[in-house]
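A.B. asks: Read off the chains here:
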Amino acid sequence: MSSLTLAARDTTTMLRRNLLHARRYPSLTLNLLLTPVMLLLLFVYIFGDVMSAGIGGAGADRSAYIAYIVPGLLLLTIGSTVVGTAVSVSNDMSEGIIARFRTMSIHRGSVLVGHVVGSVLQSVLSVVVVGAVGVAIGFRSTDATVLEWLAAFGLLVLFSAALTWVAVGMGLISPNAEAAGNNALPMVLLPMLSSAFIPVETMPGWFRPIAEYQPFTPAIETLRGLLLGTEIGHNGWLAVGWSLGLVVLGYFWATAKFAQDPR
Amino acid sequence: MTVTRASAPRAAHAATQAITATGLRKSYGDKTVLDGIDLTVPAGTVFALLGPNGAGKTTAVKILSTLISPGAGSGEIRVGGHDLAADPQKVRAAIGVTGQFSAVDGLITGEENMLLMADLHHLPKREGRRVTAELLERFDLVDAAKKPAAGYSGGMKRRLDIAMTLVGGPRIIFLDEPTTGLDPRSRHTMWGIIRELVADGVTVFLTTQYLEEADELADRIAVLNDGKIAAEGSAEELKRIVPGGHVKLRFTAPDAYRSAASALHEAARDDDALALRIPSDGSQRELRSILDRLDSTGIEADELTVHTPDLDHVFFALTTSAAPGSVPAQHNQPKENAR
Chain A
1 MSSLTLAARD TTTMLRRNLL HARRYPSLTL NLLLTPVMLL LLFVYIFGDV MSAGIGGAGA
61 DRSAYIAYIV PGLLLLTIGS TVVGTAVSVS NDMSEGIIAR FRTMSIHRGS VLVGHVVGSV
121 LQSVLSVVVV GAVGVAIGFR STDATVLEWL AAFGLLVLFS AALTWVAVGM GLISPNAEAA
181 GNNALPMVLL PMLSSAFIPV ETMPGWFRPI AEYQPFTPAI ETLRGLLLGT EIGHNGWLAV
241 GWSLGLVVLG YFWATAKFAQ DPR
Chain B
1 MTVTRASAPR AAHAATQAIT ATGLRKSYGD KTVLDGIDLT VPAGTVFALL GPNGAGKTTA
61 VKILSTLISP GAGSGEIRVG GHDLAADPQK VRAAIGVTGQ FSAVDGLITG EENMLLMADL
121 HHLPKREGRR VTAELLERFD LVDAAKKPAA GYSGGMKRRL DIAMTLVGGP RIIFLDEPTT
181 GLDPRSRHTM WGIIRELVAD GVTVFLTTQY LEEADELADR IAVLNDGKIA AEGSAEELKR
241 IVPGGHVKLR FTAPDAYRSA ASALHEAARD DDALALRIPS DGSQRELRSI LDRLDSTGIE
301 ADELTVHTPD LDHVFFALTT SAAPGSVPAQ HNQPKENAR
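As they're listed, the protein sequences go chains A and B.
Each residue of the first sequence is one higher than the one before, starting from 1 at the first, in full-length UniProt numbering.
Each residue of the second sequence is one higher than the one before, starting from 1 at the first, in full-length UniProt numbering.
Simulated from the structure, these hints should not be mistaken for lab results.
There's no promise every hint is true.
Stated by the list, open to error - Each pair of labels, with its calculated beta carbon distance range:
id, chain 1, residue 1, chain 2, residue 2, range
1, A, V248, B, G106, 28 to 36 Å
2, A, K257, B, E76, 24 to 32 Å
3, A, D261, B, R288, 29 to 37 Å
4, B, D140, A, G245, 52 to 60 Å
As the list claims (entries may be wrong) - Interface residues of chain A toward chain B, partial, derived using beta-carbon atoms under 8 Å:
id, residue
5, R9
6, H21
7, R23
8, R24
9, L28
10, A99
11, T103
12, M104
13, I106
14, D143
15, A144
16, T145
17, L147
18, E148
19, D261
20, P262
Claimed, not checked - The calculated SDA-like cross-link candidates involving lysine to any residue, where the alpha carbons are at most 25 Å apart (straight line), are:
id, chain 1, residue 1, chain 2, residue 2
21, B, K147, A, E212
22, B, K146, A, K257
23, B, K147, B, M190
24, A, K257, B, M190
25, B, K228, B, Q89
Here a beta-carbon is modelled for each residue, glycine too, at the ideal position from N, C-alpha and C.
Excised from the complex, chain A in its bound form (with noise of 0.2 Å):
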């Protein structure tokens, strides 16, 4: 066998394991859903007048929020599922089997690939759930065709699998699971600080730039754009860029930090 089908084949062999345990302990898949459902929930039917109305200007009824908000809470799903990356990663090192697959002759880095494609999987799944959320309350998509349904199915895919790389070395840094998820909060937190609840240009001017560059907004813009026909502009290759440079740099940096001495 080539190194290339032995790689592919322990990589397969980690993400069954990943998956299984994934199936058998469920609950950290449905808690990190609830939180996006209950943003949804909780903008739309308590604060949803307001929100309509700043978004709208009076007279905007409830459903211009819905549209608004979900795409945003689609990428915050995103966030949310990879602080449990983080967490099950940071776990799982400290289980005496990772010393002992550490000292098998099997492919390096099939342990967190493992991990990141069980990752971007559970993402993507936690997207279709609370997308299904975001229907049923509502929210229509107008004019996307069949290729920008495509492209918006890329991009979650391509963004999942930048914030799982930088969760994955998240989780590899900590010395335990409670450390893993106060690490990987920032990205539940960078979502609230992005254009997902509210318009960039509806916050304070200093503040503007910093939600405007970080690499939820222009995910968000981007993903409006495709599934609501809103201007997308430099944020497509924005949101490709961040992505991409997310993906090398969180790549890098886990397989670094795998590569070392265990603790």
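Assemble chain B onto chain A, guided by the hints.
C.D. replies: Okay, now just chain B, sitting in the frame of chain A:
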């Protein structure tokens, strides 16, 4: 019985060395854990690294099993014929490791753990299932096979751990304190498992803090203390380091005691206990000569015991001076082999 245990290497013909390391070093910050130790383990033998807690045993195993890198200034390390620094993956393919802390995935079942190992060794599906079933049976884990490993007892986890190590059929196995924390029955089961491995020609590198265990299992023993090898040899060789082998004769009648004492003039007398201590290596020849001399004077001892120095004496002699008080206080009674 300690005195009759065979200690010749089981594979004396094996010219190949399974493990060689020269000048093994490791330090963390300014704390030196291993201070240049040399190790040689011939293929097919059991080697025990014996030492108190914190002596550096686990660090040595971690380095030899590629888990952590050797410290700066270490010499060449070869495991299974491969250079550890140049070709760690080849070393990994040759070895199996059961660490001190259970290396099982607690979230999945025992059987799933075994199948995971089979997949990582790239066994065909059918072969993986066969090996899994066979090892679960051999290690008495069939009933627990479908339960999550986190719920296993200490002994069961350790058995699953070793079963997982054996999936790839490694020729060199590292066992880091395989019986620490096990009850006496599980410990004996583990000893049986290790003996079976050796019977199959596997090289075993064992660490332990129990002298009895090294004495029972190992062909060669190295006593590690404070990052250095304090002594190395077979159990018998190590016991020769400390004097103290003797034959003890006890009498109930004071007359017989006095007669014996004059017949065996080299004996140390214990007048209160009516006991004589004759320095001896406990060999058949020396015993016969003592008995012959007693017979010739018509004296009969009420009790004869042979005392051989055991590894405890060696251990205390070698390790107490460096680290007083850090030595485990268990089994400090010499073994008595009544004849």
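A.B. asks: None of the hints should be skipped; say for each whether it holds.
C.D. replies: Quick rundown of the hints versus the structure:
1. V248(A) x G106(B): 28 to 36 Å: holds, 34 Å
2. K257(A) x E76(B): 24 to 32 Å: 29 Å Cβ-Cβ, so the 24 to 32 Å window holds.
3. D261(A) x R288(B): 29 to 37 Å: With Cβ atoms ~58 Å apart, the hint is violated.
4. D140(B) x G245(A): 52 to 60 Å: holds, 53 Å
5. R9: With Cβ-Cβ at 7 Å, under 8 Å, it holds.
6. H21: Holds, about 5 Å.
7. R23: Because about 10 Å separates R23(A) from the closest Cβ in chain B, which is outside the 8 Å limit, the hint is violated.
8. R24: holds, 6 Å
9. L28: violated, 11 Å
10. A99: holds, 6 Å
11. T103: holds, 4 Å
12. M104: Where the cut-off is 8 Å and the nearest Cβ of chain B is about 6 Å from M104(A), the hint holds.
13. I106: Holds, about 5 Å.
14. D143: violated, 46 Å
15. A144: Violated, about 40 Å.
16. T145: violated, 42 Å
17. L147: Violated: closest Cβ of chain B sits about 39 Å from L147(A), beyond 8 Å.
18. E148: Where the cut-off is 8 Å and the nearest Cβ of chain B is about 40 Å from E148(A), the hint is violated.
19. D261: At 4 Å from the nearest chain B Cβ, D261(A) passes the 8 Å test, so the hint holds.
20. P262: holds, 7 Å
21. K147(B) x E212(A): violated, 51 Å
22. K146(B) x K257(A): violated, 35 Å
23. K147(B) x M190(B): With a Cα-Cα distance of about 22 Å, the restraint between K147(B) and M190(B) holds, given a limit of 25 Å.
24. K257(A) x M190(B): violated, 36 Å
25. K228(B) x Q89(B): It is violated: about 28 Å lies between the C-alpha atoms, which goes past 25 Å.
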